[in-house]
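Enquirer: Here's the letter readout for the chains.
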Amino acid sequence: MTRLFDRMANAPWLFLAPALAVYAVFAIWPMIDVTLVSFQRWNGIDPTRDFVGLANYTYIFTQDPVFWTAFRNTLIWTALSLVFPPLAGLLLALALNQPLFGRATLRAVFYLPVIIAPIAVATMWRWMYDPFFGLFAQLLTNLGIGIPDFLGDPDLALYSVFIAYFWQQVGFSMVLFLAGLQSVDASLVEASQIDGAGRWNRFKHVTLPAITPTMTIVLVLSLIQSLKAFDIVYGLTGGGPSQSTQMLALWAFSQSMQVFDFGRGGAISVVLLVITVGVVIPYLRWSQRREEQLK
Amino acid sequence: MKQMIAATRRDPVLMGLWLSLLVFALIWFAPFVFIVFTSLKSSPEIMTSGAFTPPGALVTQNYATAWNRGGFDHAFFNSVFVTVIKVPLGLMIAALSAYALARMKNRWNKLVLLFIVFGTMIPFQVMLAPLFTLVNSLGLVDTYLGLILPYLAFGIPYQIFILHSFFKSVPKELSEAALIDGASHFTTFRRIFLPITLPVMAALLILDFVATWNEFAMALVILQDADKWTLPLGLMSFQGQFSNEYGQLNAAIVMTVLPAVLVYLIFQRYFVSGLTSGAVKG
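In the order they appear, the protein sequences are chains G and C.
Numbered per UniProt numbering, the first sequence spans residues 1 to 295.
Numbered per UniProt numbering, the second sequence spans residues 1 to 282.
Simulated from the structure, these hints should not be mistaken for lab results.
Here the structure is a predicted model, which is why all the values come from computation and not from measurement.
Quick reminder that beta carbons are idealized off the backbone N, C-alpha and C, glycines included.
Honestly, I wouldn't trust all of these hints.
[As the list claims (entries may be wrong)] To give an idea of the interface, some chain C residues facing chain G are shown, with a C-beta separation under 10 Å as derived from the structure:
#: 1; residue: P12
#: 2; residue: M104
#: 3; residue: F115
#: 4; residue: Y144
#: 5; residue: L205
#: 6; residue: F216
#: 7; residue: L231
#: 8; residue: Q239
#: 9; residue: Y264
Only chain G is shown next, with the shape it has when bound in the complex (with noise of 0.2 Å):
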């Protein structure tokens, strides 16, 4: 019995066994399973699922009204969340590594939207954005300016839903770029200080350099949470008006959950799974060569 546990206490697969096991059901398998489900024809209650070859990808592609406007939001939301969330967080970084009174305070404070429940941030701006008695409506009335219909005019909603965002990402980035601030050397700081090296040629030739891996991270972080855009979304406008806000995984979900339109859901879902995976694979790839090299 002692030696049984013993070895027990010594086996790798026993340690591996339950993350692994978990991990393989929950995580895997669904991935899995919808990559199955989008070439087959099921509504999410029929014991039976007929293979129906590319039909949901043909129809995504050719037929659906919405599938195109989902794509084209998401790949400016993309854009928008590649640029602006990071470059403020670059700049906010510069800003707070520099040694200003009270910096720990105002880095809490670019801070504290990002561990709110994207939920919650949804239903903050959601009232904010209220057209008769919000904040915005109040602050422009006060200003004489007409109140735009942040999310009821089409073509405003989407950037209205990403302004929202925008609050609450900043600090996500400002948090990476700041931990790889610390990389920076400082005696080449210094050294480039003496050398009558002003504010721009320093942070070009020291700053820059020394922040460039930090910089693929929070792009490459920022393009991964881009595509996970739902909870957001779905709190502020459903996807509203008019489909103006409708995003990939958000229409996959509607697709499946509330059309049960299974088949379809999956072949939009396995659309952003491959770009997805487009872009983890060879960020995986970079990282462990770093690795490597750091070595």
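Position chain C relative to chain G; hints supplied.
Expert: Below, chain C without anything else, positioned relative to chain G:
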């Protein structure tokens, strides 16, 4: 601190920088002020007073009413229950795996690690429907277990990734002495590795607490019965039903958000280390 003030005063560029940062920080903080103020005002006051006018008489009744109407007692309990079980359990099994991958002989280690790290990047938002199908086929819809298992699956990869790199950096002498003395790997893990990992564990614990507390999309598909809803679902449904009760709605927002904010304010320094130890130094 004094040096910082002096440095700021001496340099006009820093002074300008500081002032503009202050303005931005105020803008970033303003929504919180607006929400808290609204949550303490009566409906007529909300419609007549300015957004940043402090509430006259504090209408704390908003909180009690929102709590009862929104079924927040259930939602609060469900959120606490799921979080209290899931977070420590997930961290334990992640630590066990990370130890095996870092310190035990197994020729598959590299492949297993790659397989798991892949999971840190896969968005579950893409797979909500198949997750529902799976949980449903196991008969676990509307159960705590049905929610906890997927939460574990999507939380573990990042934790294994971080803990693995930490365990790798522990000096070999420390564990080998114990192993030579005849201790098993399990004892070495429990007596030597766990104690020195506590700071990293604390960081991961807090990050995971906030992530679990805030999770919405998976709960949305797995919990159909209102009695089983967690706080984010409760808030969403409250917004749907009582969107014109501004005071109560904002009280509901404050109640949902407050636990995470408190945890953040108390454990601030762990947050940053937990978030960055993997991503940047890794």
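Enquirer: Hints first: check each against the structure and report whether it holds.
Expert: To see whether the hints hold, each was checked on the structure:
1. P12: violated, 13 Å
2. M104: This interface hint holds because 4 Å falls under the 10 Å limit.
3. F115: At 8 Å from the nearest chain G Cβ, F115 (chain C) passes the 10 Å test, so the hint holds.
4. Y144: This hint is violated: Y144 (chain C) lies away from chain G, its Cβ roughly 15 Å from the closest one there, beyond 10 Å.
5. L205: violated, 14 Å
6. F216: The hint holds - F216 (chain C) has a Cβ within 10 Å of chain G, the shortest such distance being about 4 Å.
7. L231: Nearest chain G Cβ about 8 Å off; hint holds.
8. Q239: holds, 5 Å
9. Y264: Given a least distance of 5 Å, the restraint on Y264 (chain C) holds.
Consistency with the previously given hints fails for numbers 1, 4, 5, ordered from lowest to highest.
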